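Q: This is what each chain is made of:
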Amino acid sequence: DAGVIQSPRHEVTEMGQEVTLRCKPISGHDYLFWYRQTMMRGLELLIYFNNNVPIDDSGMPEDRFSAKMPNASFSTLKIQPSEPRDSAVYFCASSFRQGIRSYNSPLHFGNGTRLTVT
Amino acid sequence: GQNIDQPTEMTATEGAIVQINCTYQTSGFNGLFWYQQHAGEAPTFLSYNVLDGLEEKGRFSSFLSRSKGYSYLLLKELQMKDSASYLCAVLLYNTDKLIFGTGTRLQVFP
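Respectively, the protein sequence lines represent chains W and D.
Going letter by letter, the first sequence gives residues 17 to 134 in this note's numbering.
Going letter by letter, the second sequence gives residues 240 to 349 in this note's numbering.
The shape of chain D in the complex, shown without the other chains:
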């Protein structure tokens, strides 16, 4: 089976930095995606990692270690609008199936 684990909830303060972790055990791996989902809305694409290392995109960065089955999403200079769920998803090897974790709900307080 496929197993993708994320913390259920996190809280942080405006202006701070938060790291959301994701660990995965899947039957093959061909990349990891992070999506953001505001309450009542559709998920939207944030980042993609297929090689080990850090990908930076503005205030958001994503890290991948394939040997450890581990990724994190780093959000800097938090803003109130960053309050949302963050979904980790693994693309299975040799398929086009993108399997999602249950998501981490982040609340940013003033």
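The shape of chain W in the complex, shown without the other chains:
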């Protein structure tokens, strides 16, 4: 099992540039989550998808952030334009829910993308 795969591992960009982060969830998982982690705020949920459909994007900071999931094996998180305060580690995670709700299915995290905006 390959696990959740994120790319790139590190991204350094200048303020104002567009940044695209990529995620491949574990095959068969029907939920995909994007989190952002900083020292000050910890792990914050940005958005999550179920069966490729965005369910809750209330954690997306502002309109500069957008996320898509065109198919079950790929998702992107885009920041345009990027700002220094967007610097953080961005994690993608996936999980599988059996039946209507099966809550003891943990999240499987990718290794994250460390974003630095200068």
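By construction, these hints were calculated from the structure, which means they are not laboratory data.
Possibly wrong hints are sitting among the right ones.
Said to hold, decoys possible - Here are the simulated lysine to aspartate or glutamate pairs, DMTMM-like style, with alpha carbons at most 20 Å apart:
{"hint": "1", "chain 1": "W", "residue 1": "K84", "chain 2": "W", "residue 2": "E34"}
{"hint": "2", "chain 1": "W", "residue 1": "K84", "chain 2": "D", "residue 2": "D335"}
{"hint": "3", "chain 1": "W", "residue 1": "K40", "chain 2": "W", "residue 2": "E30"}
{"hint": "4", "chain 1": "W", "residue 1": "K84", "chain 2": "W", "residue 2": "D46"}
{"hint": "5", "chain 1": "W", "residue 1": "K94", "chain 2": "W", "residue 2": "D79"}
{"hint": "6", "chain 1": "W", "residue 1": "K40", "chain 2": "D", "residue 2": "E280"}
All values derive from a computational prediction rather than experimental measurement.
Following the hints, put chain D in place on chain W, whose structure we already have.
A: Frame of chain W, contents of chain D only:
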């Protein structure tokens, strides 16, 4: 809003026992997770509690009291490799949103 509180840092000695507390006030509750995160790595799942009581898994145990909005993670026979951050997370009722606390950084000394 959602509020999950954990101590920021703890230290302990190799071979000892440490308890990491987590208190939560959330709009609904449907389970509590503990994750371990080593520096520079992804969080990994440790335990899950949905009913009151103690869940034991090897050297690690997790306790939940829903009426008190309280959980703890108990680590026994501490090893150097247990030095990591420990994240408490609450699954909100009737959603699939898992909300994390800011984590407790544990340092184990020889």
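Q: Work down the list of hints and note, for each, if the structure agrees.
A: Going through the hints against the structure:
no.	hint	verdict
1	W:K84 x W:E34	holds, 15 Å
2	W:K84 x D:D335	holds, 18 Å
3	W:K40 x W:E30	violated, 26 Å
4	W:K84 x W:D46	holds, 14 Å
5	W:K94 x W:D79	holds, 10 Å
6	W:K40 x D:E280	holds, 17 Å
In summary, the structure is inconsistent with hint 3 from the numbered list given earlier, while agreeing with all the others.
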